[in-house]
Amino acid sequence: GQQVMQIPQYQHVQEGEDFTTYCNSSTTLSNIQWYKQRPGGHPVFLIQLVKSGEVKKQKRLTFQFGEAKKNSSLHITATQTTDVGTYFCAGLDSNYQLIWGAGTKLIIKP
Amino acid sequence: IAGITQAPTSQILAAGRRMTLRCTQDMRHNAMYWYRQDLGLGLRLIHYSNTAGTTGKGEVPDGYSVSRANTDDFPLTLASAVPSQTSVYFCASSDKDTDTQYFGPGTRLTVL
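Taken in sequence, the protein lines are chains A and B. Quick note on this note's numbering: the first sequence kicks off at 1 and runs consecutively. Quick note on this note's numbering: the second sequence kicks off at 111 and runs consecutively.
With the rest of the complex left out, here is chain A (with noise of 0.2 Å):
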């Protein structure tokens, strides 16, 4: 079946350093949507993507669609300890339905 593959699992970052996460399709998406889930928290919308080479950016968060609607990337400048958490992205395929990656977890140094 079709799947979104997302690495890494995890990322360890000291505080002020860069974050980034990689989502891949088997097949072309119709969009990609970015989660934020706060530790015991709920998964909590962050942004959407449609066109082919699309990017987006909140505040220290760039988000990019690939030419082919088949990765994505999240990309966190000089994380914040508010970054912590696990970051989703999910895929709508050709049937309307939204797959899911695995998540990334940020994980701030101490």
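Everything labelled a hint here was simulated from the structure, so no lab data went into it.
Each computed DSBU-like pair below joins lysine-lysine, with the alpha-carbon atoms no more than 30 Å apart:
id : chain 1 : residue 1 : chain 2 : residue 2
1  : B       : Lys167    : A       : Lys36
2  : A       : Lys105    : B       : Lys167
3  : A       : Lys36     : A       : Lys70
4  : B       : Lys206    : A       : Lys56
5  : A       : Lys70     : B       : Lys167
6  : A       : Lys59     : B       : Lys206
7  : A       : Lys109    : A       : Lys57
8  : B       : Lys206    : A       : Lys70
Given the structure of chain A, go ahead and fit chain B onto it with the hints provided.
Just chain B now, kept in the frame of chain A:
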């Protein structure tokens, strides 16, 4: 109510018991979903409903049933709970125009 609510917040249940997790949304969204999230894992879709009166099976439907009698409510029933159903359960809803999903706070279920 503002958004999407779930009840109970948490529950400890004996194996073999029947349990219904409740989910209500007030956003008039057409689609609703049930996910389970196990420690260290992502979200797995159990059942979904694209509109009131219809339901569909997700990735892990066995042992669960749902109903969608109206737009607002989407209960999830475990007919005879087993320990492997210990998990955090999230309900979500989405508007068909955006496909963005809005999640409830979750129900933490422990089956002993």
